[in-house]
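> Residue strings, one per chain:
4 protein chains.
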Amino acid sequence: MNTPQNNCSIAIQVLPMKVADYLPDIDRVIYYLQDRFPQARVTPFETVIEGEYEECMDALHQCALIAAQNSSDDIIVNAKIAYGQILSSEEKTSKFEK
Amino acid sequence: MNTPQNNCSIAIQVLPMKVADYLPDIDRVIYYLQDRFPQARVTPFETVIEGEYEECMDALHQCALIAAQNSSDDIIVNAKIAYGQILSSEEKTSKFEK
Amino acid sequence: MNTPQNNCSIAIQVLPMKVADYLPDIDRVIYYLQDRFPQARVTPFETVIEGEYEECMDALHQCALIAAQNSSDDIIVNAKIAYGQILSSEEKTSKFEK
Amino acid sequence: MNTPQNNCSIAIQVLPMKVADYLPDIDRVIYYLQDRFPQARVTPFETVIEGEYEECMDALHQCALIAAQNSSDDIIVNAKIAYGQILSSEEKTSKFEK
Chain A
1 MNTPQNNCSI AIQVLPMKVA DYLPDIDRVI YYLQDRFPQA RVTPFETVIE GEYEECMDAL
61 HQCALIAAQN SSDDIIVNAK IAYGQILSSE EKTSKFEK
Chain B
1 MNTPQNNCSI AIQVLPMKVA DYLPDIDRVI YYLQDRFPQA RVTPFETVIE GEYEECMDAL
61 HQCALIAAQN SSDDIIVNAK IAYGQILSSE EKTSKFEK
Chain C
1 MNTPQNNCSI AIQVLPMKVA DYLPDIDRVI YYLQDRFPQA RVTPFETVIE GEYEECMDAL
61 HQCALIAAQN SSDDIIVNAK IAYGQILSSE EKTSKFEK
Chain D
1 MNTPQNNCSI AIQVLPMKVA DYLPDIDRVI YYLQDRFPQA RVTPFETVIE GEYEECMDAL
61 HQCALIAAQN SSDDIIVNAK IAYGQILSSE EKTSKFEK
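Chains as they are written, first to last, in my numbering: chain A, 1 to 98; chain B, 1 to 98; chain C, 1 to 98; chain D, 1 to 98.
Just chain A, with the same shape it has in the complex:
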């Protein structure tokens, strides 16, 4: 469970361009994020991590490098970085669960 004192949450979308099959490159990044942030939420367009700012930004730093390890040499990473007195993912989504 996310503790309320986290000061950062980042939503990360990785888009390997110019490759016929981009899924392996995306999957490698998601597995990396899930391994480092066991509470990461994998959503249809992005993966959301939570934690301290330095730790989250360091993980974001790795994403393009990991995505580029194999086939694509033209990577776009779209990130939404929330910083400060922010709500946790749990606080943001729980009331909408059915």
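Among these hints, one or two may not hold up.
Below 25 Å or equal to it, Euclidean Cα-Cα: the simulated SDA-like pairs (lysine to any residue) are [to be verified]:
(1) K18/D with R28/D
(2) K18/C with E91/D
(3) K92/D with A20/A
No lab work stands behind these hints: they were computed from the structure.
Treat the numbers as computed from the prediction; the structure is a model and nothing was measured.
Using the hints, position chains B, C and D against chain A.
Chains B, C and D only, in chain A's frame:
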């Protein structure tokens, strides 16, 4: 469940600016999307809808208008529109579920 | 010149996936936007249009369709929609010009 | 002028939430980016920097911290990170100039 023939998926983030409490405006948009797309996925940074292109784009069209109904008169809506031979949300996320 | 009464501005990024050369599909969309909005600003990651909400959203609606006319059948369009009492592009950028 | 060997370009949008006037916080970040990257392009929704990956990511790292120095304690930074064999900003936009 999402049928594979959907040709569109849109991830929508609504950000009411210049207001001390932006949650009511965001919630109103999410409830609208959930009502219109019962399979909508509410994720920490965005809500994801799936369907036919015309229907999804019409829903996106409503979001800023609904967000602006009350307090904020300065709305930013960030949208990721996927169109064509695309994967369903289920296909994109199921393999990462734990 | 942008008149202050515009109530909408949209920044549009088109990403044709799974194609070896995505530039022709992107260019076709930019030329469409420039033709329809002569004041459109073409920036490195997105093209910015300004006008009335209905007109801007209608142009956004066309972008994925135009991008998919040729090679790619998997298009991602990222849009930032600003709506309401918003600043014009000119007001936002002129003070930073050197 | 951008040399073709840059392996990174980042488009950065800073959104200070919950404040009546978000412009001072945004301006402070843009002035920081312009000072560090004299060729930075200030566009209506984002500022685009170019350079080596480590240098650009370090600048991105500072943005939320700089935005939060004064009024807002709830910052959203949206970033598009392009990495690899990428086009320069000049290559991407020059053909559309009128």
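> All hints, please: hold or fail.
Hint by hint, here is what the structure shows:
no.: 1; hint: K18/D with R28/D; result: 17 Å, holds
no.: 2; hint: K18/C with E91/D; result: 22 Å, holds
no.: 3; hint: K92/D with A20/A; result: 23 Å, holds
Violated hints are absent here; each numbered hint is respected by the structure.
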